[in-house]
Structure formats: C-alpha cells, structure tokens
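Q: The listed protein sequences correspond, in order, to chains A and B. Numbers 1 to 420, taken from UniProt numbering, label the letters of the first sequence in order. Numbers 1 to 381, taken from UniProt numbering, label the letters of the second sequence in order.
Mixed in with the good hints, there may be bad ones.
[To be verified] Straight-line C-alpha distance at most 30 angstroms; calculated DSS-like pairs for lysine-lysine:
hint: 1; chain 1: B; residue 1: Lys177; chain 2: B; residue 2: Lys95
hint: 2; chain 1: A; residue 1: Lys210; chain 2: B; residue 2: Lys315
hint: 3; chain 1: B; residue 1: Lys381; chain 2: A; residue 2: Lys109
hint: 4; chain 1: B; residue 1: Lys326; chain 2: A; residue 2: Lys151
hint: 5; chain 1: A; residue 1: Lys86; chain 2: B; residue 2: Lys231
hint: 6; chain 1: B; residue 1: Lys342; chain 2: A; residue 2: Lys86
hint: 7; chain 1: A; residue 1: Lys96; chain 2: B; residue 2: Lys359
hint: 8; chain 1: A; residue 1: Lys210; chain 2: B; residue 2: Lys310
[Said to hold, decoys possible] Residues of chain B placed beyond 10 angstroms of chain A at every Cβ, according to the derived structure:
hint: 9; residue: Glu211
hint: 10; residue: Lys212
hint: 11; residue: Ala314
hint: 12; residue: Ser373
Keep in mind the hints are simulated off the structure, nothing from the lab. Just so you know, even glycine gets a beta-carbon here, dropped at the ideal spot from N, CA and C.
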Amino acid sequence: MSDTTEATEPARSPSRRALLGWGGAGLALGAAAAGGTVAVVKGGGSDAVPAAESGAAVPFHGAHQAGIATAVQDRLHFAAFDVTTKDRAALVQLLKDWTAAAAAMAEGKTVGEGAYGGLAEAPPDDTGEALGLKPSRLTLTFGVGPSLFAKDRFGLESKRPEALVDIEQFPGDNLDPARSGGDLCVQACADDPQVAVHAIRNLARIGMGKVAIRWSQLGFGKTSSTTPDAQTPRNMMGFKDGTRNVDGTDTKALDEHVWVGAKDGSDWMTGGSYLVARRIRMHIETWDRTSLQEQEDVFGRDKGEGAPVGKAKERDEPFLKAMKPTAHVRLAHPDSNDGARILRRGYSFTDGTDGLGRLDAGLFFLAYQRDVRKGFLPIQRALARQDALNEYIQHVGSAIFAVPPGVRDKGDWWGRGLFG
Amino acid sequence: MRPVRTSVVTAAAAVAALTAVTGCADKSDAKADGAAGSIKVTATDSSCELSKNDFPAGHVKFDIENKGSKVTEVYLLFPDDRIVAERENIGPGLKQQLTAEVKAGSYEIACKPGMKGDGIRQKVTVTGGTAAKRNPALDTAVAEYRKYAQEQADETLPKVKVFTDAVRAGDLEAAKKAFAPSRLGWERTEPVAESFGDIDPKTDTREDGLEKGQKWTGWHRLEKSLWADGKIGQDEKDLATELDKDLADWQKRVGTAEITPTSMANGAKELLDEVATGKITGEEDRYSHTDLSDFKGNVEGAQKAYELLKPVAAKNDAALTTELDKQFGGLNTLLDKYRTDKTSYDFTSYDKVSEGDRKQLSDAVNALAEPLSKLAAAVTK
C-alpha cells in the first residue's frame with residue numbers, strides 16, 4: 001500500500017545478485033534472473049530451481065530471523081497471541097517448546113512424536129494436514145508486543161525498547177480491538193497455504209493454557225516482494241505494489257533501514273527488527289467504479305506498466321512534482337519523508353463478504369524497520385493526513401511487535417535475550 | 001446434544017481380553033465345553049449362595065432360584081462393576097437361568113433383593129484361558145465412577161420431577177426455575193448418558209438437531225415453550241411425562257454402561273468439548289440462557305472422572321496432573337465470577353455475558369481440554 005521504498009538509485013542489473021549470500025544464515029539464496037522467477041539455491045547457483053517447485057526449506061537458525069529479508073513466499077498465516085499465564089517459567093518453557101516445533105516444521109518435519117503411529121487412545125502431537133507436503137519455504141517469525149512489558153506482568157518493564165512505541169490512532173482509523181494488539185505474534189509464510197496454516201495451528205495448540213490466539217489473518221498474493229528482479233506483484237486494487245521495496249540481498253540497505261544496530265539501545269534486540277501490522281480494508285466496490293484516470297492519479301503511477309506519472313517504465317525514477325500533491329506514491333516516497341524506508345512483505349486478503357455483500361478484502365500490511373519512529377510513523381502520519389487513497393481504504397486493525405534477532409542454534413530459543 | 005459418537009470409547013487393549021458376551025436363557029443350549037455343569041445361585045431376602053466360587057472359563061450357566069419374599073435380580077460383574085450378564089425380575093419362588101461367555105479373571109456375583117442397592121456380593125474366580133492383566137487402582141476408579149454416574153441419575157430423577165410437576169401444573173415460573181437444576185446430573189455424566197444412543201435424542205436434542213420426521217421431545221422442547229412461547233399447553237404436559245419416562249430409563253440403564261479407564265478419561269475431555277462447541281456459543285440453552293449452569297455441570301463431571309484417575313495418571317505423568325490441577329482450578333475460579341453464591345448453581349444469564357468474557361471462558365476451556373486430551377494416554381501407559 002504505501003509505496004515507501006522508491007529507491008533513489010536506478011534498479012541494479014539482475015546479473016549482480018545471482019549468487020549473493022542472504023541474511024545471516026550463511027546460505028546463498030538468490031533470485032534467478034530468467035523470467036523473473038524466484039529461486040532458492042543451496043550452496044551455489046548452478047542448480048537453481050524455481051522455489052515454488054523446489055518446495056525447499058529456508059534455514060531456521062541464523063543471525064536474523066527468517067521471514068523478514070527472506071524472498072517473500074506466496075501465502076501467509078499471521079497470528080497475534082495474548083499471554084494468559086502469569087507464570088514466567090511457564091511462558092519461557094512455551095517459547096522453548098515453540099522454537100523446537102518451529103525449527104522442525106521449517107524443515108518440513110512433524111511436531112513432537114508426529115501425526116500417527118503413537119498411542120491409539122491419545123490425540124497425536126501433530127495435527128497431520130501437512131504430511132506429505134514439502135517445507136514450501138516455511139518461515140516462522142516471532143515478535144513481542146508492548147503489552148508484554150506492562151508493569152506487574154513478567155518484570156520486563158525496564159527491557160522495553162524505546163523504539164517499541166504505542167502506535168497512535170491516525171485520522172480515519174477505525175481500529176477493531178479484536179483485530180489489534182497482542183502480547184506475541186508469529187508470522188508464518190510459505191508457498192503452500194496449508195503449510196502456513198498447519199504451522200500456526202500447531203503452535204496455537206502447543207500454547208493452550210499459556211497463550212490464546214487474540215486474532216489471526218490469512219493472506220494470499222504477496223503485495224510486495226523483497227526480490228526486485230521478480231515481476232512486481234499487484235494489490236487488490238490492481239496496481240503494482242512494491243516496485244522498489246528493500247531488496248533482501250541489499251545488506252547495506254538492510255543494515256541501515258531494517259536491522260536493529262548494536263548502538264540502537266536494547267541489546268536484546270540487536271539484529272532484530274520492528275514490525276508494524278495493519279489490516280487495511282479496501283472499499284473494493286467504490287474503487288471498481290472509479291475512473292481509470294482517478295485511480296492512476298490516486299497512486300501517481302499508471303495501472304498497466306506501473307510507470308510513475310510522466311515516465312514510460314515501471315522502474316523509471318519518479319518525478320514527484322509531476323504527481324498530484326495527494327498522490328499515494330508522492331506522499332510515501334522517501335524523498336517526502338527524510339529518506340525513511342521500510343521493508344514491506346504484506347499480503348492481500350479476502351475474508352469472503354461482509355453482511356452487506358461487500359467483499360471483505362484489502363491489504364494486510366506488514367512492514368519491518370530498524371526504528372518505527374523513523375519508518376512507519378512519519379510515513380503514515382503523512383498518508384493519513386493527505387493521501388487520496390484514504391477515500392478507498394480504512395485501517396481496521398493495528399499492531400506493533402519487537403522482532404528479536406535470529407535463533408542462533410539448537411540451544412537458543414525465541415526471546416532468550418529478553419527472558420534469559 | 002445429539003451424540004457424535006455412538007458409544008463411549010472402549011480401551012481395546014485393557015478390555016478386549018475380558019469382554020464377555022452377555023447371554024440369555026435362550027443360549028442355554030450353546031456348547032458348554034468349558035463349564036462343568038451349571039452353578040446354582042440360591043437367593044433369599046438376606047443371602048446369595050453359590051454352589052461353587054470358582055469355575056473354568058467358557059460358556060457358564062447359572063441356575064437361579066429365588067427363595068425369598070422379594071423380587072430379586074442377579075448380576076455377574078467385572079471387578080469395576082461393569083455388568084457381564086444380568087437377570088432381572090425374578091419373582092419369589094421362581095427359577096431362572098443366566099448364561100454368559102466368560103473369560104478368566106476375577107468377578108462378582110450380586111443378588112439384589114428388592115432390586116435395589118449394591119446387592120449381596122460374592123467373589124468368584126474364573127480360571128483357564130488367557131487372563132487379562134488388571135490394574136486394581138483403575139478397577140477402583142471405574143467402579144467409583146460407575147457409582148457416581150448412578151448417583152447422579154438417582155439424584156436427578158426427583159429434580160426432574162419438580163420440573164415436570166410444575167409443567168403439568170401449568171406453573172410457568174416454577175417450571176422455569178426448576179429447568180436448569182433438573183439438567184445438572186445429566187450434564188455431569190453426559191458421555192455415559194450418550195452411550196445409550198436411544199435416550200439422548202429423546203431427552204436432550206435441540207431443534208436444529210432433529211432428523212427429518214423426528215418428533216421433538218425433551219428438555220429443550222419444553223425450554224422453548226417456557227421461554228420463547230411463554231405458555232404451557234397439553235402438549236407440554238404430555239412431553240413432561242415423556243421426559244420423566246425417558247430419564248427413568250436412563251436411571252435404570254446407567255449401571256450397564258460400558259465404562260473403562262480410557263472412556264472415563266476421554267469422556268472427561270468430551271464434556272469439555274460439549275462446553276467448547278455448545279455452551280460457549282450460547283446454542284445449548286438458547287431460550288433460557290442457563291448455559292453456565294450446564295457448563296459447570298460438565299466441568300464437575302469431567303473433574304470427577306479426572307480425580308478418580310489421578311492416582312494412576314500422576315504416577316505415569318506427574319507434569320500432566322500438575323497442569324490439569326492448575327487448569328481445573330483456573331476454570332472453576334473463572335466460573336465463580338458468574339455466580340454470587342458459590343454453593344448455588346444460579347449463574348449469570350448467558351445473554352448477559354459479553355463477547356470478551358466469552359472469549360476468556362473459551363480460552364480457559366481450551367487451556368483445560370488440551371492437556372485433558374492426554375489423560376487417556378497417561379492412564380493406559
């Protein structure tokens with residue numbers, strides 16, 4: 001939705017990034033240039049196969065959590081949890097259990113003792129619907145919300161990072177508390193929706209008695225990619241979205257805009273990131289009755305090619321002043337926001353239709369950044385005030401999470417830096 | 001609720017070896033290769049004598065004579081009180097036969113003069129063949145639970161009569177007041193009640209659970225008349241009498257239910273499932289909104305089964321029983337928020353419970369039901 005990642009430099013040539021090391025996992029992942037197909041390559045580039053076909057596994061362990069700079073998968077199941085236990089030790093044990101289950105599922109393995117073959121009198125540990133499916137590039141990304149740091153809960157008050165702000169209510173927001181907030185979150189992304197849903201379902205089950213799902217969101221059709229060489233996906237409004245998102249192989253941009261640095265405060269967050277999740281409902285029917293000219297004016301790009309106003313090609317440098325002052329791209333552009341960039345990996349959603357027969361659809365916006373105060377907040381303040389798109393969208397859910405650094409090895413677990 | 005399953009789950013491993021075919025007099029001509037002649041059972045008003053206390057496994061025949069002045073009945077029972085075979089309504093001075101296929105193991109014979117109570121008991125031993133291993137602690141648990149199920153039925157009938165009398169008297173307010181209390185015993189032992197596939201559809205079906213052509217009878221039909229229609233007619237009075245009759249049938253058959261340690265454990269989980277699917281949504285008592293009373297009954301019944309199995313489960317999986325104690329405590333504490341008097345079953349009307357509070361109740365039910373689903377494994381280890 002917010003086209004905030006318009007790079008000021010031209011898109012780099014595809015050949016450059018065939019074999020770049022990716023993330024902290026020490027694994028070479030790259031985007032194959034041919035046909036713009038995303039590919040996952042283990043240890044080299046010579047036998048690259050399209051990721052969706054390879055069903056490959058993304059390494060779970062590493063310096064950063066998978067699921068942020070990782071090439072965006074096709075499907076999402078995102079869940080926010082309330083912590084219901086008051087027992088710190090029980091919560092810590094859950095995080096260890098979750099980590100073990102997540103590592104197994106990322107490898108395409110079952111949880112615990114598996115989905116069958118155990119005691120006939122007891123339900124199996126694994127729910128079983130992912131049996132026979134490939135890992136499908138499943139990534140599970142864990143975060144902690146501000147409410148977990150509240151006084152008199154787990155003694156974490158002093159560990160709350162300053163960058164983990166309480167997001168203000170923006171003009172036009174119509175936030176539903178039942179779709180907002182959460183003490184913990186897990187983002188499951190995979191190329192197969194069943195694999196993503198299986199992962200959240202099993203984590204929720206393991207968590208019963210300690211945590212309860214507060215809300216969750218399914219997503220399909222990624223609306224931005226972290227592999228700019230691939231074809232830019234389109235959002236539910238039919239426009240290309242994420243033309244110049246932060247490239248998952250651009251370590252300089254990632255270090256500058258996405259990963260929390262050692263000197264940013266809150267040591268336990270070094271190598272992590274901050275995630276903002278927004279459920280953005282689109283008024284699909286009114287948008288569909290809007291003239292093409294207005295649609296293009298609203299975004300500041302044309303609908304077919306995705307070229308900025310007055311330019312011919314999608315990746316041509318936008319001339320912001322040629323756009324209307326209320327154009328979405330103009331307002332969201334780094335040049336309009338002191339260079340602010342965020343890494344987006346949002347998804348389209350549709351939850352069927354509402355009681356009035358309107359498509360309950362839109363964008364589930366997910367943005368990672370080094371500091372929300374320099375990323376999402378200034379951009380969204382500008383958009384909420386002036387964006388012409390506001391006539392066609394409404395923010396109905398909102399949450400923020402501190403996403404810790406990666407789980408380094410088998411002895412490590414989600415949140416160890418915070419609770420350890 | 002309509003039963004999802006047709007009978008309480010049987011622990012195949014623990015019980016298959018012991019399963020005996022209940023026989024009747026018409027089987028007396030079956031091959032009698034195992035038993036050396038028949039066993040004489042002489043019953044009086046105060047005694048129950050056997051011609052022998054141990055006999056070989058196989059087809060066993062009992063020749064019963066009632067020398068007392070009361071109508072009696074004779075049971076062959078497993079150590080957990082489950083019935084192997086029974087003969088009812090033996091009038092004074094009458095002779096009857098009882099036959100059964102019996103495997104090796106320990107059993108009891110019970111004569112029940114006046115057809116009441118636990119009866120006069122004799123231990124018998126059946127030898128030969130393959131004897132199944134039994135855990136006495138689990139036999140005790142099953143016997144205790146069977147007793148509990150019977151007590152619940154016995155105590156429920158008078159409470160149901162208060163309700164049905166009020167209906168028959170056309171007293172709307174008294175009937176409304178007696179509705180929820182009349183259901184408690186049933187709710188506490190629902191998996192046992194549902195194991196008799198024919199009773200539950202007559203007593204506890206909701207309107208949307210009816211099959212095509214099925215006449216709607218039972219509690220929820222009367223609930224609708226009392227709360228939604230606000231009137232009692234002749235139909236309702238007749239239905240009240242039918243409810244008495246159907247529940248008397250339940251009371252009479254409760255003792256014959258197939259109960260095993262595993263079915264107790266999974267029955268406890270099923271009680272929570274009842275809550276999770278029917279009560280949390282307010283569907284169960286949609287006219288009276290007395291769902292929380294049923295809810296409490298389900299939890300109490302589950303807790304009873306759990307407490308009886310706990311000595312065995314704690315040995316096999318101490319972490320599980322610790323967690324279950326905690327979660328039962330948590331759910332009960334939460335439920336107490338919805339009643340002012342902790343000795344009463346007068347709970348907040350469910351239509352007054354907010355969405356947020358329903359979510360909290362649902363989370364607590366999940367927190368208990370998930371570990372409870374592991375209880376069966378812990379007792380069969």
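Q: Going back to the hint list, which numbers does this structure go against?
A: 1, 5 and 12
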